Structure formats: structure tokens, C-alpha cells
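Undergrad: This is what each chain is made of:
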Amino acid sequence: MGLKGRDVVSILDLTRGELEALFETADKFDRRGRARYRLLEDKVLALAFFEPSTRTRLSFETAMKRLGGETIGFAGAEATSVAKGESLTDTIRMLDSYADAIVLRHRYEGAAKLAAEVAENPVINGGDGRQHHPTQSMIDLYTIRRLFGTIDGLNIALAGDLRYARTAASLALALTLFRPRHLYLVSPPQLTMRPEVLRVLDEAGVRYSVHGSLDDVVEELDVIYVTRIQKERFPDPMEYEKVRGSYRITLDLLKKGRKGLKVLHPLPKVDEIELAVDHSEYAAYFQQAAWGVPVRMALLTHIFGVEV
Amino acid sequence: MGLKGRDVVSILDLTRGELEALFETADKFDRRGRARYRLLEDKVLALAFFEPSTRTRLSFETAMKRLGGETIGFAGAEATSVAKGESLTDTIRMLDSYADAIVLRHRYEGAAKLAAEVAENPVINGGDGRQHHPTQSMIDLYTIRRLFGTIDGLNIALAGDLRYARTAASLALALTLFRPRHLYLVSPPQLTMRPEVLRVLDEAGVRYSVHGSLDDVVEELDVIYVTRIQKERFPDPMEYEKVRGSYRITLDLLKKGRKGLKVLHPLPKVDEIELAVDHSEYAAYFQQAAWGVPVRMALLTHIFGVEV
Amino acid sequence: MGLKGRDVVSILDLTRGELEALFETADKFDRRGRARYRLLEDKVLALAFFEPSTRTRLSFETAMKRLGGETIGFAGAEATSVAKGESLTDTIRMLDSYADAIVLRHRYEGAAKLAAEVAENPVINGGDGRQHHPTQSMIDLYTIRRLFGTIDGLNIALAGDLRYARTAASLALALTLFRPRHLYLVSPPQLTMRPEVLRVLDEAGVRYSVHGSLDDVVEELDVIYVTRIQKERFPDPMEYEKVRGSYRITLDLLKKGRKGLKVLHPLPKVDEIELAVDHSEYAAYFQQAAWGVPVRMALLTHIFGVEV
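Residue numbers (the working numbering), protein chains in the order written: chain A, 397 to 704; chain B, 397 to 704; chain C, 397 to 704.
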């Protein structure tokens, strides 16, 4: 149980072996179906969501409660002491003294790292800044592994907003722990992957290429990982409309791809995927969201050092 | 256990027999007093409240927790993925993959029906649009039955906003499953019961009459079911003030009625009932609210197919 | 178990003996470390927080859940029936019929007293108005007792906003149940302790003196209890800036004090304590916050009459 008592700030805090052990535990929970366990019945998990979130927050809450544990916390900082001007470190110290571990979502880069330094108990990054969302990446990797039996050897595209979407950056980092065949980074020029992420890919020897359109590469792909392009990123609304349209995932596009091609998305999605795709064999994102519960159950049992 | 695994979108989804079985289970829970059970300890209930609610949300939460189950969810859509533009169906799919059943409150007509189509697990309508609030109607019926020993043969007035208050419309529909002696629909002309509800009353052969004032009918009544008249319904504030005054339930009014006359209200109330009524023998609304817990406990056990 | 079934509106609702019994129970919980018990597993606690709060709300929630009980409730009144205009008494009646006890936080003086009159089940004041915050005072007293082995015989300063900070007034009242050597009331002239609180000190024979600066008295002190001075109290922002600076707790100030001097604060703090103090031997406020859980666990078991 190598993760016992540890913080999870970045997906790179884990080794491939630790991730694989996690996935095996998630397999067990998934096989057993919905149930409640008594594995963590003496534990309380704090959910400190300074930024809106539904999926991450509710799936952690579900995971903890299905394990017999309890949660406390807040969603949105309005009704909390943060609104009174309390520092992040003071809020974290408080939660650390109430709960046995903390899941943190925060808009600022480095918030989870700071929290991990302050707290004696484990801190799990539920997404901070523009780069880290390790538990989402665990789910993404788990989904690929479940669908293809492996992560190694696959052609994977990350498409959409690669600059500001923390899920895309975090998955790129996560893939350096595996051996994908090729990584296709597909985005409008304003939203290309940040140099610090590319540097990690380079160092890890991950082969990748940069593209402006999915049309150019769709025939090569096993997986398309889509992220939402947010209007706020574009000073000019016309520019946004143009970009949005050309990154829309349609059935027509997907039909040009290989047999077995799958579309993943961290969700929520707005209209970046044509509705018809939802009901096609390409759509893996609802299943991906559902696997959020067993993967987070696995993580919690490993962090708390409980045998499943 | 005819309700096992079923959705509850409208009160008309249930038969009289199913309602009566439900009330018998509620009787059992009520007789035993406050306790916690282990009946649903392997279940998680999602509370998806897109609209503000205290009573419905907290009584479902209390009911689920007293049954040993757990809840997840949100109250108000601000801090959720809905604020990011996610569709209702995507949100429901997510909750459906986390929880074992969903309670939905939504401002739009048909939201619960749509959710029930999307979700594999049972969806319970916690109030949507202008017409459906089946669990409130269950509590209303249960209250009448507890107070009078029967619902059949009673003279029941629905008073106040019959056009926009979903509780009034839903109770009117509910009463078609029973044989009230007469239904008095009492409202200002702007707020009369919608034709589609009247049509269901007609088809069911429920005798009803339409009135502009409680004064005209109070002597006939066993039950007055009051709903709040909302200021927003009136373009002219003067008009609202006039209407509000003439629909106020006062002790003087009630004293003109039969012995045993009872006032019900789904709550919250603002000033549509004179405060002196709260402490009189006429007031049944606090007791009605309290029965929300055993009735919702009964519903949850029937939906999950658990023997009580 | 003298507290069984009782309301806690003011710290003066308890005797010294009852507080000491409470502290002994808190000692037990604290000694055993973090755990979950089954002591209150048949109980539901309503947390009715009409005003923002993190520490009080989350530590009550943690306390209840570590005791095996459940919580329901709301934080902030926006998404509740209060926003629809419901009266406090109606909201309390509802919660009273759902839960086994209620913790109330409200901005209005007397809200908890009113709630206690309406509710059949115990009401615990989680802070109301400008004067009462009994559970915070229990934690403050417990902290002093743990740090010094006693409350009697100590020189204690209350510093900052003594007029509007309910924690300071409540602790002053609480100290009348003990025999502190001397109480130093240190505040800007606009924010002196209210006459009604001074009257209670006078009646109890507590020796106190009023000061404008900590510098004058720091050498005498065992405990400095600091409260936040809020900008909103000052019509003139310049005046606020001046006052704020002269009430800042710095390491330099504390070094002038006795050996063993401790700084307490109900938290959250903003910048009224120099950051360097956090890591010094003077800082007791993080420990004080942590003891919020065992003290509130003790209170809940005493209120519910459960043997620990």
C-alpha cells in the first residue's frame, strides 16, 4: 500500500505501478456493483471545493459514503470563512484538525501543494490551477485501460482547449507514465499545450505532434480526449464562434476514424460534441464518468491504507 | 411491493391501492417514533434540487438517513456544472451512475419525466413545473386520512393560487384517485385552475365547483388546502394587495365553518394565514409537514423494494 | 447528566459544574484520538446556519458524524424557504419535526431564544446577535483549562472588537462562572464592551479594567483573546486603518509578556495577528480550533443524555 498517508497533488506523484495497483482495486469495486462497505467507517473526509464542481465533488462524496465513511465540507466559498478573508492555509489547518483527509478544488495554481504542506493528513488535489487534476487523470487512464485493455501502444488525441483545461494538461502528464504510441495535440493556435507540459513529454520521450484540426489526424486515432473550449478565452466573440465550430466532434468526423475509436471527455460538456454521438458506439464519456466512483473508492482505500 | 424500481413523476403514476399501501407503511414509521433503521444502508440517494426548497429536500434527506441510507446532491444550481451550461440529461446521467435513485426539483414542466427517461434508476419528482409534486400530494392525502380516517366523502377546498402552485394542481389530480364528496376551487380570477387539470377532474367524475371567495363556501368544508399567492403573478402591485387580503385565512373565517374543519398548507407560508390560526384547533399544517418524514420514508422503502 | 434535553442559548445557561463535567467528557474524546462512535446513531442533528460559518458548522457536523449520528441543514439562507419569506418560527418548527436537536446560527439577537421556545427538541445556539456564542465559549474555556490546568487565577485580556464580536461578549459572560484573577478589556473607544455585559461582570464580582492598548497591560497577561476588528464598523476608512494597526498582535508585543503567555482567537483571522506568531509558542488558536470537535462531541452526548 504505497499510497498510504500520502498527498496526491500531481498525477506524477504516483508511479505506474501505484496506478496499476489502484486500477486493480477499482476493478474489484466495479465488479461488485453498487454497495456500501464498512472499510472507512471511522474516517471523515473534508471536501473543500473553493470552485464550482459537481462531478468531482459528488463522486468523491459517493465514493467515501459507499466505503462507510463520512464527508464534511463546502461547495463554493461564498458561505464560508473564506468570504470573511481567511487565508487558504488557515482554512486548511482547520479542516486538517477536523477530518482525516482533505480533497481540495481551487482556482489557483499551487493551492493543493500549499495545502499539502500545511496539512498533516493527506491532501488530494481535486483540481487546481491550469495543470493538475490527478484524480480525473486516474479516471481517464482507467477508462482507456478498461476499453482497450492497455494504455501502451495507443494513438491518443487531446483536443480542444489544451492551454487552460487542467484535465488535458494533467492527462498529458499522466501519459508520460505509460507508453502511448503517439500523442496528437489538437487545438486552435491560441489554446496550444503549455511549454512546461511539452517539456515533461519531451523528457519522458513521449512522441507527440501538434495539429490544428482533428480532420488531419482522425484516421490514426484510438482515443479522442475532448475538452470544452470556453468563450471567456476569446476577446473576440466572432473568433470564438469560428474556433468552436471547427472543434466540434460530429458523427461524420468519427466515421472517418478507425474501428474501435472512442471519445472521452471529462465532462461537463456543452456543445462541443454533437448530440448524436451520445448514443453512438464512439461515446465513452458517460461510462468514464461512472467509473469515477470505483476509481475514487480505490484511491481512498489506498490513501487510508485499507485492504479491499 | 408494486412500486419497486419505478419512477414517480406524477401522483397519477400510482394507484389508490399503492397509495394506501404506502400510507400503511408510513403509519408504521410514525408509530415507532424517531429512530434510525438499517433498511437502506447499502443505498445512496441523489438530491438534485435545481430550485430552492427546504422542506422537500430536508425531509427526503432526513427520511433517507433515518433509513440508514446516504444522500449526495446539490441545492441550487449555482455551484454546479449546470452553471457551466451542462444539459439536464447529462447531469441526470451522472447522478444515475453515482446513486441508486434520484429526487429531482426543477422549475421546468416535464423535467422529471425527461430525467426518468434518461435514468436507469428510479427518479422521484420532488416538484417540477406548475403541475406535479407527487410526494407533497402523498403527504397531503396522508394528512387528510390521518385527521379524518378517510379521504372519501369529504368536502375539500383548494384555495389561493390554483394556476401556478404545483401543490394545488397535484393534489387536485391526486383526489381523482379517491372519492371526495365535493371539491371547491377557490381563487382569484387570474389564478384559476388550469383547464388540463379540470379535464382530469371531469374525466374522473370528481364533482367540483369554482368560487371567488372562501366566505361563500366555508360552511360546507371539512378541509381547506391553502397555497401562497405570489406577488410576482401580478403585473399591478395594487391588484396583488387587494387579492391577497381577500384570500387571507383568519380565525373569524374559520369559526364560520363546521366543527372539525382543518387547514392544510404545503408550506412555507408567508402571511396568507393569520398567525392566531397557528395555535388553533384548525391548524393542521405543522403536523402535515412533520408527516413528510414518515411518508417519504415509506416511499423510499417501497421504491427500493424493502420490507418494513 | 444535567444537560439532557436542555437548550443552550447562553453560556450562562450552564453551571460551572456542568461545564467541568463537559470538559471531562471532551478530555476522553480527545485522548482517544480520531474515531467514530455509535453513541448517537439513532439521532439526526439539524444545522440551521442562516449566517455564514465554516468552523462552527463543520465542527458540529464532524462532531455529530464522529458520534455516529447524522446531520441535515443549510448554510446560508439563499436557497431555502427563508428566501420565500418564511418566518424563523415556521422554519424552526419544521426542523424540530425532522431532527432530534437543532444548532442555530442567526444574525439577530434573540433568535436562538425564540427558537428554543418554539422547538420541543433541544436548541443549541451556534451564535446569534452580538452577545451569545456559548459553544465557542466552551471551547475557549476548555483551551485555557488545557493549557494552564485551570481558569481560576489567570490574567486574561479580551482584545479587539468587544462591542460587536459575539465571541468576546460570550467569553466575558462565561468567565463569570470561574474566578479569573483579572480581566483586561482592551479595545478602541468605539468598540468597548457593552454595558449589559459589564453589568454581569460587576454582579459576579469579576475584577476587570478597561484599556485602550495592549502595550499597557501585556506584561500582566496569561491569555490574550483576540477578535477581528471589522472594517464595516467604521464609517471612516482612515479611522479603521489607524485602529487596525494599533491592535495588531506582533511577536515583538508578545515578547514583552510573561513566560507562558498564550494567544487565543475564535478564528477566522484576517491580519490582526502577525503571521510569524502562527509558528511561535504563543499561538494557541489552531489547537483551540481543533478542540472544537471533542468539546462539541461532549456537548452533544450530554444534551442527548448518552454515557461516554
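Each hint should be verified, as a subset may be incorrect.
[Claimed, not checked] Ranges of calculated distance between the beta carbons of each label pair, as one might list FRET restraints:
(1) B/Thr546 with C/Glu628: 34 to 42 angstroms
(2) B/Glu592 with A/Arg577: 53 to 61 angstroms
(3) C/Gly398 with B/Leu671: 31 to 39 angstroms
(4) A/Pro591 with C/His607: 55 to 63 angstroms
(5) A/Arg542 with C/Arg644: 50 to 58 angstroms
(6) B/Val704 with A/Arg434: 40 to 48 angstroms
(7) A/Val666 with B/Gly413: 23 to 31 angstroms
(8) C/Tyr504 with B/Asp438: 38 to 46 angstroms
(9) A/Tyr504 with B/Asp423: 28 to 36 angstroms
(10) B/His607 with A/Arg629: 54 to 62 angstroms
(11) A/Lys424 with B/Glu677: 58 to 66 angstroms
(12) B/Gly481 with C/Asp632: 28 to 36 angstroms
Bear in mind the hints are in silico, worked out from the structure with no lab data behind them.
Bear in mind the structure is a predicted one, so any value in this text is a computation, not a measurement.
Glycine residues also receive a C-beta, built at the ideal position from the N, C-alpha and C atoms.
Undergrad: Take the hints in turn and mark each one as holding or not.
TA: Going through the hints against the structure:
1. B/Thr546 with C/Glu628: 34 to 42 angstroms: 58 angstroms Cβ-Cβ, so the 34 to 42 angstroms window is violated.
2. B/Glu592 with A/Arg577: 53 to 61 angstroms: Holds, at about 59 angstroms.
3. C/Gly398 with B/Leu671: 31 to 39 angstroms: Taking Cβ atoms as reference, glycine 398 of chain C and leucine 671 of chain B lie about 35 angstroms apart, which means the hint holds.
4. A/Pro591 with C/His607: 55 to 63 angstroms: For histidine 607 of chain C against proline 591 of chain A, whose Cβ atoms are near 58 angstroms apart, the range 55 to 63 angstroms holds.
5. A/Arg542 with C/Arg644: 50 to 58 angstroms: holds, 57 angstroms
6. B/Val704 with A/Arg434: 40 to 48 angstroms: violated, 23 angstroms
7. A/Val666 with B/Gly413: 23 to 31 angstroms: Between valine 666 of chain A and glycine 413 of chain B, where Cβ atoms are some 45 angstroms apart, the hint is violated.
8. C/Tyr504 with B/Asp438: 38 to 46 angstroms: Distance hint for tyrosine 504 of chain C, aspartate 438 of chain B holds at roughly 43 angstroms.
9. A/Tyr504 with B/Asp423: 28 to 36 angstroms: Given range 28 to 36 angstroms: violated, Cβ gap about 54 angstroms.
10. B/His607 with A/Arg629: 54 to 62 angstroms: Holds - the Cβ-Cβ distance for histidine 607 of chain B and arginine 629 of chain A, about 59 angstroms, lies within 54 to 62 angstroms.
11. A/Lys424 with B/Glu677: 58 to 66 angstroms: holds, 60 angstroms
12. B/Gly481 with C/Asp632: 28 to 36 angstroms: violated, 45 angstroms
The earlier numbered hints that this structure contradicts are 1, 6, 7, 9 and 12.
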